[in-house]
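**Student:** Residue-level listing of the chains:
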Amino acid sequence: MTAPEDLRAGLRGAGVALQVGPFVVRLRSRLDRVERALALFYDRQLLPPEQTAFADFHITLARASGLHWLWRPQARFFLDGRSPFRPLPLAHAYPLFEWGLNWCIAQHAHDFLMIHAAVLERDGQALVMPGEPGAGKSTLTAALTLSGWRLLSDEFALLALKSGKLVALPRPVSLKNAAIDLIRERYPQAVIGPASHDTSKGTVAHLRPTDTSIERMQAPARPAWLVFPRFTPGGRDQLQPLAPAEALQRLIGASFNYSVVGGAGFEAAADLIEQSACMQLEYADLDVTLGLLNGLREGGP
Amino acid sequence: MALPRPLRSGVSLTASEAPLELISLPPGHVRVWGDSVALYDSRCGETHVLQPPLTDIFCALRQGPMTPAAVFEYLEQRYDATEEELENAMQAGLSQLREHYLICDPADSRDA
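Respectively, the protein sequence lines represent chains G and X. Taken in order, the first sequence gives residues 647 to 947; the numbers are from the numbering used here. Taken in order, the second sequence gives residues 30 to 141; the numbers are from the numbering used here.
A portion of the hints provided could be inaccurate.
Which stretches of chain G does chain X cover? Using the computed rule of at least three CB atoms under 8 Å from a CB of chain X, they are [unchecked claim]:
| id | stretch |
| --- | --- |
| 1 | 885-893 |
| 2 | 909-918 |
Take a look, some chain G residues computed to stay more than 10 Å from chain X by CB distance [as the list claims (entries may be wrong)]:
| id | residue |
| --- | --- |
| 3 | TRP745 |
| 4 | MET925 |
| 5 | LEU932 |
Sample of chain G residues lacking proximity to chain X, with all beta carbon distances greater than 10 Å (derived) [said to hold, decoys possible]:
| id | residue |
| --- | --- |
| 6 | VAL670 |
| 7 | GLY839 |
| 8 | HIS843 |
| 9 | ASN903 |
| 10 | SER905 |
Since the hints were derived computationally from the structure, they do not count as laboratory data. Glycine included, each C-beta is placed from N, C-alpha and C at the ideal position.
So here's chain G without its partners, still in its complex pose (with noise of 0.2 Å):
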């Protein structure tokens, strides 16, 4: 456990270097919100001083400068001392962190098929969930492993090329709008951090991830079920299977590094389905949806 005081010392100093599932992430920052967000979320994951000679992605994350400080104070990303994005208010810095490393893994980790999905392990099974935004798979992936199943990712699947095996990234999960409110109420011993509000995905809080989450991120799973979730408020929740060849177009389309990875990404993604059930679930009530995607465990649907 690193004190409060090294922390700060470290993020305003050299940086500080997390274990962020296969990446070392060194961050730097004289932001209060983000010193607050990194001790809440990440104390579990800082690697001592002794142990951080090598960082995959070297960030910042700055007061912008320029005279509009004063009345509208902003945000600034950089990665190698380049920031890629426009500034964000500064209210939404840590959002941007999260937001900001999406896009360095995204750009660099090409030893992976990188899938906008959430992934989640039980008994070294894992489920994978492609899903657009708003598709509720941050709202299912909190629910899941607060009642018992493993966070490997909230958004972001790193499918191993070489070895076919989900690996494990183990970030905050974003919740947005109803769903903070929704996991607060369901699950008082949830560890959801301060909303950030008017962000391009309106209020965003964030849930910290599970002891085991982290005690297990360097063990990846095998995949064995691959679910296309989507909300259908009002609808009727229920698992259908899946064309193994629908299952791969949508499969593709959720990638975001498919046509830079070629072939070993077709054969990674066709493995995958291979060796999954795949299905697509429609869920309008929670508690329902549980039992469906708990039930996958024992052979059902």
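Following the hints, complete the assembly by docking chain X onto the known chain G.
**Tutor:** Just chain X now, kept in the frame of chain G:
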């Protein structure tokens, strides 16, 4: 000498008897899933999903170079359809495979 197989009134395969051949694809880049075939063409980076009857034409040609007449016979064994329907389906399928450069005509290869 065998006569070209008549397909329908006024149509024969005489002009297209040259065998057709699939492009070479690594085994891992072709997946047969029930009625569907998914394949990856590394020359252009495209992924194709084939559905019947295109799947059958592809699977027929996967056995080796085949004349259109032989492909027709292959389809005839699998579909309960009129000759005209089969021929139209076969020609449409071959056109699609040609459009995506998934088949090559050995005669063309020799000319090149």
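**Student:** All hints are to be evaluated individually against the structure, with a verdict given for each.
**Tutor:** Against the structure, the hints come out as follows:
no.: 1; hint: 885-893; in the structure: holds (count 3)
no.: 2; hint: 909-918; in the structure: holds (count 4)
no.: 3; hint: TRP745; in the structure: 28 Å, holds
no.: 4; hint: MET925; in the structure: 15 Å, holds
no.: 5; hint: LEU932; in the structure: 32 Å, holds
no.: 6; hint: VAL670; in the structure: 31 Å, holds
no.: 7; hint: GLY839; in the structure: 40 Å, holds
no.: 8; hint: HIS843; in the structure: 41 Å, holds
no.: 9; hint: ASN903; in the structure: 12 Å, holds
no.: 10; hint: SER905; in the structure: 6 Å, violated
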